[in-house]
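Chains A and B, in that order, are what the protein sequence lines are. No gaps in the numbering here: position 311 of the first sequence is 311 in our numbering, and each next residue is one more. No gaps in the numbering here: position 90 of the second sequence is 90 in our numbering, and each next residue is one more.
Hint data in this document are derived by calculation from the structure and do not stem from the laboratory. Watch out, some of these pointers could steer you wrong.
List time: in silico BS3-like cross-link candidates among lysine-lysine, alpha-carbon distance up to 25 Å [as the list claims (entries may be wrong)]:
(1) 130/B - 117/B
(2) 273/A - 40/B
(3) 26/A - 115/B
(4) 206/B - 273/A
(5) 253/B - 273/A
(6) 26/A - 114/B
(7) 158/B - 26/A
Now the in silico label distances, taken between C-beta atoms and shown as ranges [to be verified]:
(8) 203/B - 270/A: 17 to 23 Å
(9) 111/B - 270/A: 37 to 43 Å
(10) 114/A - 315/B: 40 to 46 Å
(11) 128/B - 319/A: 56 to 62 Å
Covered, in the sense of this in silico footprint (three residues per stretch, anywhere, with C-beta under 8 Å from a C-beta of chain B), are these stretches of chain A [what the hints assert, rightly or not]:
(12) 223-232
(13) 261-271
Since the structure is predicted, the reported quantities are computational estimates derived from the model, not experimental observations. From the three backbone atoms N, C-alpha and C, an ideal C-beta is built for every residue, glycine too.
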Amino acid sequence: MIPTLEVSPVDSLLVVSDLSVGYVTKNGLLRAVNEVSFKVSPGDVTGIVGESGSGKTSLANALLALLRPPAISKGRVSFGERNILSLNDDELRKLRWKELSYIPQGSMNSLNPVMRIKDQFSGILQTHLDQAERDRIRRVMEDSLSKVGLDAHNVLDAYPHELSGGMKQRVIIAMAISLGPKLIVADEPTTALDVVTQKDIMTMLAELKKQMGLTLILISHDISILAEICNYLLVMYAGRVVERGRSEDILNSPKHPYTSGLVASIPRLTGEKRVAGIPGEPPDLVTLPTGCAFHPRCKYRMTACVSQVPSSVSVGDEREVACLLYR
Amino acid sequence: MDEPLVLKAEKVTKHFEAKTGLLKRTVIRAVESVDLELHKGEILALVGESGSGKTTLGRVIAGMYSSTDGGVSYFETDTGNAPSLQEKSTKRRFAAQQVQYVFQDPFSSLPPHKKIKSSIYEVLKLYRPKADAKGLEDETKKLLELVGLTPVEQMKEKFPHELSGGQRQRVSFARALAVRPKVLIADEPVSMLDVSIRAGILELMKRLRDGEGLSIIYITHDITTARVISDTIYVLYRGRVVEKGPIDTVVQKPLHPYTVTLISSLPGLTLGSGVHVPGRGAPAAKDRSLRSEPPGIDHCVFYGRCPIAIELCARERPALRGLADGREVACFLAGSETT
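Start from the sequences and build out the full structure, keeping to the hints where you can.
And the structure:
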């Protein structure tokens with residue numbers, strides 16, 4: 001074991017402050033992310049959970065400066081000393097893969113189908129390694145693949161269609177870790193996989209985190225999967241963070257009615273045969289409901305909820321919730 | 001089950017031929033000799049990983065594929081073997097009236113250029129040539145109401161792209177029900193939906209069973225949602241049934257090592273207490289290939305991945321055998337330490 005450096009909690013790796021993302025559509029401005037702020041310390045595994053259309057993926061794209069017009073963003077994403085949102089293309093290219101890796105949603109289908117794995121993989125390494133280090137490329141690829149439990153000799157010469165879904169996801173993860181980034185953002189890393197493969201990938205991510213001291217941000221609609229490895233959770237609804245805190249606190253006593261709904265919708269193997277679910281549908285982000293965006297679906301709705309946007313209040317140690325019930 | 005049988009599959013086998021080279025062909029054994037019985041008002045879960053053959057079996061039962069061997073009887077009628085072309089088309093239609101299929105992906109299984117009302121109306125028209133337009137329109141509305149797409153007057157005028165995934169899946173159910181089938185095969189109907197939206201679709205399936213007396217085959221890789229709505233479970237591995245029985249019996253105490261693997265892969269939160277899972281947290285076996293083995297090899301299908309395999313498992317294939325608690329399991333070791 002390599003001893004880890006003592007890091008004081010103020011030394012955050014990533015600080016997001018008042019980040020908003022909007023898309024200009026013909027029907028008006030679509031607000032995908034609304035004034036989101038959070039911090040990630042080195043070694044954290046932060047989960048971002050919410051239904052489709054809650055702004056999770058837009059948030060991830062903003063963190064990596066992947067937004068393109070018609071998207072507009074506001075706020076600050078500090079990664080170390082730098083504000084990611086104000087870097088130019090050249091600076092971003094140096095940052096990506098090397099310091100900050102992204103595993104996009106459905107990424108196993110983002111491999112180029114007509115290129116062998118080794119050709120697409122070495123492309124990344126060629127961009128980032130100096131001339132002098134180029135002879136290491138083969139070794140770096142083999143090392144990374146073996147870290148994700150793949151046999152490099154079989155995989156490197158294969159085309160994507162020769163690999164199973166789980167294997168393709170492992171290849172993407174191998175690429176993401178190959179240059180030893182400080183932070184990896186993974187969007188729905190296990191969604192299209194079956195339960196057994198899903199478990200394997202999550203176990204592997206947890207293992208890699210321990211071995212390599214990775215910091216992870218994981219995005220999913222399934223809180224039960226995030227609960228397995230995340231120590232912090234952010235719950236998003238209609239572009240806002242409605243609840244945040246340590247995962248065990250959130251799962252044991254969800255405060256926001258939306259979070260309670262998410263926790264209750266986990267089907268379980270024991271106990272009553274009922275899945276609760278959340279009635280209704282996520283809102284249209286162009287014409288958001290007034291006040292608290294969750295009020296049309298909320299069973300604790302009060303008159304004030306219709307007119308007042310709740311701000312986040314502290315409800316315990318590292319625990320915040322944006323709901324008028326907790327004023 | 002006291003209810004009458006609605007369909008019975010006997011020794012259903014489905015092989016596909018795949019080109020693996022210029023002249024080379026390999027046989028993919030998707031389903032191997034599966035027996036299955038479905039009763040009226042029963043929800044039967046077909047559970048297994050990707051590649052276990054659950055979809056292929058579902059499609060053979062729905063008459064979308066002809067079986068390589070064995071057959072499916074719907075009451076008295078058999079659609080198993082390859083009949084002549086003319087016969088085949090009548091049988092295909094007969095099967096469709098008995099069994100309807102709901103697909104996994106609600107984003108691509110509806111005609112995108114048709115309003116919801118016309119995509120249901122057309123199915124009705126096809127199967128009830130004698131009914132008048134007014135009657136069919138009323139029935140369209142009734143179907144939308146039944147699957148919970150309300151307010152009906154607004155919903156029927158929408159196009160698929162205006163609906164969410166959960167709502168589209170409800171349209172798929174309405175289309176399937178328009179044929180008035182006896183059996184519904186729902187192939188991963190919730191796997192593309194948000195966890196919070198799944199509950200509504202599961203409730204819908206239960207309601208269709210309770211209210212309409214439908215029998216449902218629920219194909220899924222998710223044993224937890226299967227438990228919530230199903231009566232019976234069939235666990236498939238490499239095209240074979242490895243364990244089957246009343247779902248509570250099997251889930252509370254899985255006996256086949258593969259069923260154990262499936263359950264122990266679930267996120268801890270969903271397990272709860274009181275489930276006996278031997279070896280939870282044990283490292284998974286390396287052999288992940290779901291490719292079928294060459295013919296002539298007679299060992300247990302799970303042999304390569306099994307953590308508790310004994311020497312006998314390499315020589316002989318265990319047949320399904322019944323246990324006292326009503327389940328059947330294809331493992332030499334299962335039940336030995338419990339009785």
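**Request:** List, from low to high, the hint numbers that the structure doesn't satisfy.
**Result:** none
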